[in-house]
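Colleague: The chain contents come next:
2 protein chains.
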Amino acid sequence: MKATIKDVAHEAGVSIKTVSRVINKENSVKDETVKRVTQAIEKLGYEPNKAARNLAGTRSYTIGYVYDNPNAYYVIGMQNGILDECREQGYELVIHPCDASAANICDELGAMVRKSQLAGLVISPPLSEMPHVLERLTEMAIPFVRIISGSFESKENYASIYVHDHEAAYNITQHLACQGHSRIAFISGDKDHRSTTERLNGYKAALSDNDIRFQPGYVYEGRYSFETGVQGAKQLLQLDNPPSAIFACNDEIAAGALFAARLLGVDVPVQLAIAGFEDSPFSRQTWPKLTTAAQPTNDIAREAASMLVNNIAAQRGTRAKDTRIGHFHFEPQLVIRESTQQPYEQT
Amino acid sequence: MKATIKDVAHEAGVSIKTVSRVINKENSVKDETVKRVTQAIEKLGYEPNKAARNLAGTRSYTIGYVYDNPNAYYVIGMQNGILDECREQGYELVIHPCDASAANICDELGAMVRKSQLAGLVISPPLSEMPHVLERLTEMAIPFVRIISGSFESKENYASIYVHDHEAAYNITQHLACQGHSRIAFISGDKDHRSTTERLNGYKAALSDNDIRFQPGYVYEGRYSFETGVQGAKQLLQLDNPPSAIFACNDEIAAGALFAARLLGVDVPVQLAIAGFEDSPFSRQTWPKLTTAAQPTNDIAREAASMLVNNIAAQRGTRAKDTRIGHFHFEPQLVIRESTQQPYEQT
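Line order of the protein sequences matches chains Y and X.
Counting from 1, position 71 in the first sequence corresponds to residue 71 in UniProt numbering; the numbering is continuous, with no gaps.
Counting from 1, position 269 in the second sequence corresponds to residue 269 in UniProt numbering; the numbering is continuous, with no gaps.
Any given hint could turn out to be false.
The list makes no distinction among identical chains, and a pair is therefore deemed to hold if it is satisfied within one copy or across any two copies.
Calculated pairs, EDC-like style, for lysine to aspartate or glutamate (alpha carbon to alpha carbon, straight line, at most 20 angstroms) [unchecked claim]: (1) 35 <-> 338; (2) 115 <-> 84; (3) 115 <-> 88; (4) 289 <-> 227.
Quick caveat, the hints were computed from the structure, so don't treat them as lab data.
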C-alpha cells in the first residue's frame, strides 16, 4: 500500500500540517523537524502529489465552499457570509455540495480542487469533521478553514472556527429545568455531525447539574429534518410517562415536533415545552415561536472566509501572517420565546 | 452619450441578439442584415467592448448563477438543479447573489463576468426580466439562459425558460371558486418580479370566468416574505366584509397568512381557506398543510443549465447547435392539501 501523509506524520512524530509545511518548503519549520520528516518520507517512499502542489501555487481568486447539509437556511446563511467577505476581498465563490457518506469523497474533492484551481476552501460539518478528508486536503497543500462543533483545539492544528454547541445545549436544558421541567426529552440530529454529540452531552451535563436522572428512553435518534421531529415527538408523547419538554437538536426538528404535538392535540407550551437550536427563520415562523440558541451562521461563515483569505495571502507571501489566524470561537446564545415560556400544567 | 447596442439594434431595425451575432462574426446572419447592422454601427460610432468579447471566447468550464431572491428554498433548489447538470457536463458553478435594485447592477455584473472568465450565466427573476441587464450581457457576448415568468416569447429572442405562472394562478383561483368561495383575496409578492403580475392576472381571469367581481380592496401588495403574509392577512381579515379565501403569491406568504389567522383566532380551513404557490418544503410543514402550485424549481434550473451548456458548446463549435435550444416551458401544477379542502362555514 502506498504511504500517505498520515503515515509520514506518524513515523516522524509530527502533525500532518508540519509534514505539509516541510513538503512545501515553508520557512516556519525547525531544521531538526525538517530532517526528521525528510527521513520519514524517504523511509516510507512517500510521494506527494506534485501536480496538486503546483496548482495550489497559482494566483487564483476563487475559493470553494464544500458542504453536505439538507438545511436550506444554514447553507444560504453560510454562502452569504462567505460572499460578504469575498466581495470585500475580491474573490469569487464556487459551491460544491457533496455526499459526505460517499466512498470516494476524498477523490471527488481532490479532483474538484485540481480542476477548479481554487485558492482555498471553507468546509462545514460533517465534512469538516472527517479526518480522511482533512488529511487529503492537507496533502494537496490547499489552504482550508473548517467550521466544527466543539471548543477544544485538535492536535492536528487545522485552521478552525469552533462552535460551542455543548455550552449552548447546556443553557437550553438549564432553561427548561428552571421552568420546572424534569421530564426533558432530546431529539437528536444526524449521528455523523459532531454537533449532535456535543448537544447531547450538553443536555446530559445540565440534567446532571439539576439532579435529573438521564433516561435513555427520552432520547430519540434521528436526522436534522422536519420528519425526524414529527416521528420523534409522536413516539415520545406516546410513552407511558411522556416528557413535559422536548429539546430538539435544531429548529427544523423542533418545528416537526410542534407539528406532531398539534396532531396529537397536545398544547404547546401549556402541556409541552419545545426548544430548538439555530435561530433559523423557521424558529420565528412557527406557532408558537421557538425558544432556541442563536447560531450566528453568517458571522461564522464570514470569519471562516476572512481567515482563509488571510492564510492564502500568507502562503503566497503577499500579506504578513496574521497572528490571530488559526482559531476562532463562537458560542450560540439562548433566545427564549413562547414555545417554552409557560410552565406546563403540573398533574 | 455613447451609443449602446440597443441604439444600434433600433437604428438597423433588428434585435440586439442579431447585432451581437454580427459583432461576433457568427455565420448565421444574412449578408443583407450584416450590411445594415454594420452601417448602423458606423453611423452611431458604436464601440463594442473588445476585452469582454475576447474573454467570452476562452475555454472556461465555470458557469455563474446570478440571482436576487430572499427565498432560501428557491435559491437552493435552483443551485442544486444547475449543479446536477454541471456535474454531468464537467462544469463548476460560481454563485453571484446581487441587489437587482442597485443603480450600478449592470456594471457589477459586467465586472464579475470579465473577472471570473465565466463560460456563461443562468439568471433568475427579477434580474432575468430587466432589459438593461440582458442588453449588457448580450453586448458582452456571454451566453446566458434566463428563467422568466410568462408564456410568450419576447422579440429579443433570448434563450429562455418560461414558467407559466398565469395558468397556474388561474387554476388555484378556480379551485377556490369551486370550493364555494366568492370572497377571494390576493396577497402579492414583489412588484419587480414579473411572477407577481402574472399570478395576479391569472387570479383576475379566473374570477372573471366565475362571474366574481374583482375587488381592489381584496388585493394586498407586499413582498415575497413571511412578514407580508402576516401583515396582509391581518389587514384583510379585519375588513368589514373579510375574504373567505386567500391566495398568497408564494408559500412563505401563505405561511405568514396562516400565522395571522391563528393570531386572530380564525380557523383554517373551516373559516378561511389559504393557498400558496411553489410547493416549497414550507407548504408541507405548516398546519394545516398548504394547497399550492408545484413549481419544479430543480427541473427548471437543470433545463436552464443544460440549455446554457449546449449554447456554450455551439458557440465554441464543439457541438452542433441543438435545434431544440432557445425556449422551454414549465407549468406549475395544482396540489390540493388541507388548507383549502373544507368548504368554509357559510353565514
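Colleague: Hints first: check each against the structure and report whether it holds.
Modeller: To see whether the hints hold, each was checked on the structure:
In the homo-oligomer, the alpha carbons of residue 35 and residue 338 never lie at most 20 angstroms apart, since the shortest distance is 62 angstroms inside one protomer and 71 angstroms across protomers. In the homo-oligomer, the alpha carbons of residue 115 and residue 84 lie at most 20 angstroms apart only across protomers (17 angstroms), although the nearest pairing inside one protomer, at 25 angstroms, exceeds that limit. When the C-alpha separation of residue 115 and residue 88 is checked against a cutoff of 20 angstroms, the pair qualifies only between copies, where the shortest distance is 15 angstroms, while the shortest distance within a copy is 25 angstroms. In this homomeric assembly, residue 289 and residue 227 come within 20 angstroms of each other (Cα to Cα) both inside a single copy, at 19 angstroms, and across copies, at 14 angstroms.
Hint compliance for this structure: hint 1 is the single one not met.
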